[in-house]
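Here is what each chain is made of, one letter per residue.
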Amino acid sequence: MICEYTKDNRELTIKFSGEIDHHTCDVIKVKSDYEIQKYMPKKVVFDFKDVKFMDSSGIGMLIGRYKQILRIGGQAEMVHTSKDIKRIFEMSGIFKIIPLREEASL
Amino acid sequence: MSDNEMKLEIKSKSSNEAFARVVVAAFASQLDPTIEELADIKTAVSEAVTNCIIHGYDGKEGTIHIHCRLEGRELEIEIIDYGKGIENIEIAKQPLYTSKPDLDRSGMGFTIMESFMDEMKVESIVGVGTKIKMRKEIGEAV
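The listed protein sequences derive, respectively, from chains A and B.
The first sequence maps to residues 1 to 106 in our numbering.
The second sequence maps to residues 1 to 142 in our numbering.
In short, the hints are calculated from the structure, not lab data.
Keep in mind it's a predicted model, so treat the numbers as computed, not measured.
Treat the hints with care, as some may be off.
If you anchor each label on the Cβ, the simulated ranges turn out as follows [claimed, not checked]: (1) B:32 with A:49: 21 to 31 Å; (2) A:96 with B:94: 23 to 33 Å; (3) B:119 with A:30: 36 to 46 Å; (4) A:2 with B:13: 20 to 30 Å; (5) A:7 with B:76: 48 to 58 Å; (6) A:73 with B:73: 48 to 58 Å; (7) A:95 with B:100: 20 to 30 Å.
Straight-line alpha carbon distances no greater than 30 Å define the calculated DSS-like cross-link-like pairs of lysine-lysine that follow [said to hold, decoys possible]: (8) A:15 with B:84; (9) B:84 with A:96; (10) A:29 with B:84; (11) A:67 with A:52; (12) B:100 with A:52; (13) B:131 with A:52; (14) A:83 with A:31.
Note that CB positions come from ideal geometry on N, CA and C, so glycine has one too.
In isolation and in its complexed conformation, chain A is listed as follows (with noise of 0.2 Å):
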């Protein structure tokens, strides 16, 4: 997991790898948090590109961050999901709280 944040929109970017799942959740939660408390962005991005596999302990570990996000009034955005993620958040309606932004295609 990597995290990058830009002071001129003061947004960070939480790039998750390899598997999210209920194990890899934990410590997922708790750098997160530790990086939106340091930061407090205006904007968090959550970038999947190099997610290998996520079951829906994705779903609660996003909506867990997310209302950390909302208490320090920033809004949150996903992007770069891969087909079966696209699919597991589709079943729970996330991207109503957390919308996708869609790349262009090269």
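Position chain B relative to chain A; hints supplied.
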């Protein structure tokens, strides 16, 4: 393809979630599934095993049995725990219902198992345990 069977016993540790789904996917690969079918199987197994750990055993130590059978193009998976059981299966299966919202759980586990597999059945007795039975047909009929 001749019929086949395998049994796996694991401890209810979260680090075994990845192990369990990879083992079942490797077993199912004998049927030459598509990448999407493999992802469906892995996700469904991950949901069921996570339920055993979080709900069945409440994070305490226990044993999880996974029993897979191949018959023709059909994969059958049973995932069993000997934990606390489910009081009301209908409520537990509702999308977004979770008995543990404090743990950031989404309540989508059963919904995902149901939609990623062709069939999903829950048998549970309070104080005895829970058995999840799932079935999926792999590949196209020739």
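Legend entry - Status of the given 48 to 58 Å range, CB of residue 73 of chain B versus CB of residue 73 of chain A: Since the Cβ atoms of residue 73 of chain A and residue 73 of chain B sit about 53 Å apart, the hinted range of 48 to 58 Å holds.
Inset, instruction - Compare the distance between the alpha carbons of residue 15 of chain A and residue 84 of chain B with 30 Å, and conclude whether the hinted pair is satisfied. - result: violated (37 Å)
Inset, instruction - Assess, step by step, whether the Cα of residue 131 of chain B is no farther than 30 Å from the Cα of residue 52 of chain A, and give holds or violated. - result: holds (28 Å)
Legend entry - 20 to 30 Å as the expected CB spacing between residue 13 of chain B and residue 2 of chain A, which holds or is violated: holds (27 Å)
Legend entry - Restraint check for residue 83 of chain A with residue 31 of chain A, where alpha carbons must lie at most 30 Å apart: The hint holds at about 26 Å.
Legend entry - Satisfaction of hint between residue 52 of chain A and residue 67 of chain A, Cα-Cα up to 30 Å: holds (25 Å)
Legend entry - residue 94 of chain B and residue 96 of chain A - C-beta distance against the hinted 23 to 33 Å: Violated, at about 19 Å.
Inset, instruction - With respect to the beta-carbon atoms only, verify the hint that residue 7 of chain A and residue 76 of chain B lie 48 to 58 Å apart. - result: holds (55 Å)
Inset, instruction - Measure nothing beyond the straight line between the CA atoms of residue 100 of chain B and residue 52 of chain A; if it is 30 Å or shorter, mark the hint as holding. - result: Holds - the C-alpha atoms of residue 52 of chain A and residue 100 of chain B are around 26 Å apart, at most 30 Å.
Inset, instruction - State, for the Cβ atoms of residue 95 of chain A and residue 100 of chain B, whether the hinted interval 20 to 30 Å holds or is violated. - result: holds (24 Å)
Legend entry - CB-CB spacing for residue 30 of chain A and residue 119 of chain B relative to the 36 to 46 Å hint: holds (38 Å)
Legend entry - Outcome of range test on Cβ distance (residue 32 of chain B, residue 49 of chain A; 21 to 31 Å): holds (29 Å)
Consistency note: the structure conflicts with the earlier hints numbered 2, 8 and 9.
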